[in-house]
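Listed below are the residues making up each chain.
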Amino acid sequence: MTTTLTEIKHLPTLALLVCCEYLAIFKKTVAMHEVFLCRVAAHPILRKDLNFHVFLEYNQDLSVRGKNKKEKLEDFFKNMVKSADGVIVSGVKDVDDFFEHERTFLVEYHNRVKDASAKSDKMTRSHKNVADDYNRIGSSLYALGTQDSTDICKFFLKVSELFDKTRKIEARVSADEDLKLSDLLKYYLRESQAAKDLLYRRSRSLVDYENANKALDKARAKNKDVLQAETTQQICCQKFEKISESAKQELIDFKTRRVAAFRKNLVELAELELKHAKLQVMCAVRKCPSD
Amino acid sequence: MPREAQNSFLQSSPSSPEPASLPAEDLSTNSNGPKPSEIMLDGDREDLFAEATEEVSLDSPERDPILSPETTPAVTPVTPTALIAPRMESKSVTAPVIFDRSREEIEEEANGDLFDIEINVSDPEKVGDGMNAYMAYRVTTKTSLSIFHKNEFSVKRRFSDFLGLHSKLATKYMHIGYIVPPAPEKSIVGMTKVKVGKEDSSSTEFVEKRRAALERYLQRTVKHPTLLQDPDLRQFLESSELPRAVNTQALSGAGILRMVNKAADAVNKMTIKMNESDAWFEEKQQQFENLDQQLRKLHASVEALVCHRKELSANTAAFAKSAAMLGNSEDHTALSRALSQLAEVEEKIDQLHQEQAFADFYVFSELLGDYIRLIAAVKGVFDHRMKCWQKWQDAQVTLQKKREAEAKLQLANKPDKLQQAKDEIKEWETKVQQGEKDFEQISKTIRKEVGRFEKERVKDFKTVIIEYLESLVQTQQQLIKYWEAFLPEAKAIA
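From first to last, the protein sequence lines are chains A and B.
Mapping to UniProt numbering: the first sequence position 198 is 198, numbers consecutive.
Mapping to UniProt numbering: the second sequence position 402 is 402, numbers consecutive.
Hints are not guaranteed to be accurate.
[Unchecked claim] Not the full set, but computed from the structure, chain B residues with beta-carbon under 7 Å of chain A:
| id | residue |
| --- | --- |
| 1 | Ala323 |
| 2 | Leu326 |
| 3 | Leu335 |
| 4 | Leu352 |
| 5 | Leu487 |
| 6 | Ala490 |
Quick caveat, the hints were computed from the structure, so don't treat them as lab data.
Since we're looking at a predicted model, the values are computed, not measured.
All residues carry an ideal CB built from backbone N, CA and C; glycine is no exception.
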């Protein structure tokens with residue numbers, strides 16, 4: 001009988017728990033979306049895109065459909081080709097020091113961010129497990145506290161309350177670490193991948209350019225299709241120079257944004273950790289069942 | 001006179017004294033939330049009166065509390081915290097009879113007072129090699145009690161010695177209703193690792209866990225006023241040489257006999273249908289059953305916590321290394337430095353988690369484990385009472401049979417057999433009387449024991465849980481320090 005009563009008394013707490021979890025996940029998703037939209041809006045070229053404007057302004061349902069099987073398969077093959085090609089293309093040494101440095105940096109950085117992101121995820125999950133354990137301990141103490149109304153039981157009830165509060169705070173610690181640290185790292189994992197992709201595209205266009213040069217030389221030697229070779233070479237040259245120019249800018253921006261994002265998130269992380277730790281101390285000292 | 005002494009002592013303490021009539025205090029009505037230090041002072045107040053009649057320095061913290069449900073913190077020499085008063089020079093104190101108390105309470109008090117003894121188990125040392133190796137522990141006793149020959153002495157004991165001691169005490173005292181604290185559990189896996197000589201962290205942990213458990217076991221045993229007087233206990237603590245307790249081995253002849261007896265007992269218990277005339281016993285048994293269930297659940301949750309906290313520690317350490325690597329490859333100088341700092345903070349936090357896991361386990365989890373075993377011992381004592389009742393009932397039945405036999409013989413007119421029958425009746429009348437007396441005695445002892453057990457339980461739980469909560473608070477305070485140091489580093493990224 002006692003067990004049932006205990007369970008009933010804990011129902012509102014359970015509903016609250018589910019609510020809190022939902023809010024945490026919601027907060028997280030919303031944050032990522034905001035970052036994405038801000039990035040697009042800040043980009044000199046992307047911000048002018050019509051799709052973007054429609055997304056922001058159209059006040060009815062957009063009815064976006066997801067990729068169907070055929071499109072997904074296409075994506076898969078595109079990726080395969082890209083990685084294979086990437087291996088070939090990355091063997092080409094770059095004349096430009098800036099890009100050479102960037103490439104070396106990005107490869108190493110990307111790997112380390114990947115590792116840090118995975119480890120941060122694990123750490124955040126462990127925090128959540130600890131919070132869940134506090135929850136169970138709190139419930140058990142509550143059950144002990146409702147056995148009778150002696151002093152020790154009142155003591156147990158107080159400690160149970162304390163564990164409840166501690167658990168809420170620990171859960172928030174876990175959620176905040178997830179938001180400020182894990183998500184940050186995950187984001188830069190994908191960004192660094194995107195940067196690597198950009199470098200790949202530039203290398204690809206460099207290879208095309210060099211190939212076009214060789215073809216032109218050959219055409220000139222044979223004196224055959226020279227005009228066509230010249231046109232191709234010119235197009236490749238233009239393409240290469242354009243992509244080099246925008247890539248350089250993008251990569252510089254990438255660094256600026258990265259530093260700013262890390263600064264913002266690390267500062268917020270530290271502030272939140274402090275807030276939670278102080279709250280825990282306050283709760284414990286106030287609730288300390290010494291009476 | 002006592003009143004003056006009280007005031008003069010309390011001048012040095014900040015808390016306000018309560019009236020000396022000692023009502024049963026309702027803990028929840030104190031809305032100001034007094035700080036932990038106040039428990040200690042309230043406990044001291046009771047001991048003041050002791051101080052007043054005998055000029056001794058502050059009480060021995062191990063005294064049983066006098067009356068109030070408020071408890072003096074029991075000192076377990078493992079980890080003194082800020083909550084527990086620093087141990088002052090302990091002397092045995094006889095409590096004066098100040099309040100109007102029942103005879104029983106006074107008697108109990110007198111028993112619990114000549115109680116000044118501290119036991120430490122330390123220096124685990126491996127003796128011998130291979131499968132015959134064993135761990136020897138140093139058992140140090142500090143006491144001023146006169147039943148011991150010296151004030152401070154130490155001996156070397158091995159695990160089976162402890163089991164032997166428990167076995168002797170259980171045989172002598174459990175069947176008459178005394179709750180004998182159970183010894184720590186055997187662990188074949190753990191011991192084999194140690195024997196084989198694995199010098200890794202898991203065997204060190206095992207040895208430390210056992211050492212702490214043995215210490216707690218001895219401390220509980222000596223706290224029991226009746227057991228303290230036992231010569232076997234004294235011999236265990238004092239003698240340099242102790243005969244080897246071979247009968248404690250699990251697979252020995254005695255071990256197997258024990259297992260068979262246990263099984264037989266279990267069967268018997270199921271078949272005894274006792275007419276409980278005393279509702280107290282029924283209530284108590286139900287209470288202990290509930291308590292057992294709840295403690296097991298709590299224990300499982302705390303063990304899960306220990307496990308997860310260890311995981312958290314490992315994951316934090318891994319993350320710290322990863323963050324350091326990331327900082328190394330970051331080419332923006334300030335951010336690189338900040339990431340290295342973050343790595344350092346996380347490393348320190350990992351240390352914190354490890355220490356907290358240690359506290360989770362040794363302070364909280366082990367206490368719960370101890371109490372689950374203690375409750376099993378309490379249940380055992382209740383079972384002995386049932387057996388005692390059964391014996392009494394059986395004697396009554398036999399007496400009845402003998403009387404019927406005598407009546408028959410009277411009719412059959414066989415004078416020589418008649419005399420024998422009358423003798424037997426006398427014999428069984430005595431047995432019935434003895435049986436009734438035994439039953440009453442065991443019932444009385446159990447009531448006393450359960451009362452004592454409850455008091456100890458309240459004290460233990462309060463002390464340990466408060467100690468544990470303090471460890472949690474300390475961890476958080478350290479966290480504050482670390483993050484406060486990191487914050488300016490993060491802000492300095494430009």
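Evaluation of the provided hints:
| no. | hint | result |
| --- | --- | --- |
| 1 | Ala323 | 6 Å, holds |
| 2 | Leu326 | 5 Å, holds |
| 3 | Leu335 | 5 Å, holds |
| 4 | Leu352 | 11 Å, violated |
| 5 | Leu487 | 4 Å, holds |
| 6 | Ala490 | 4 Å, holds |
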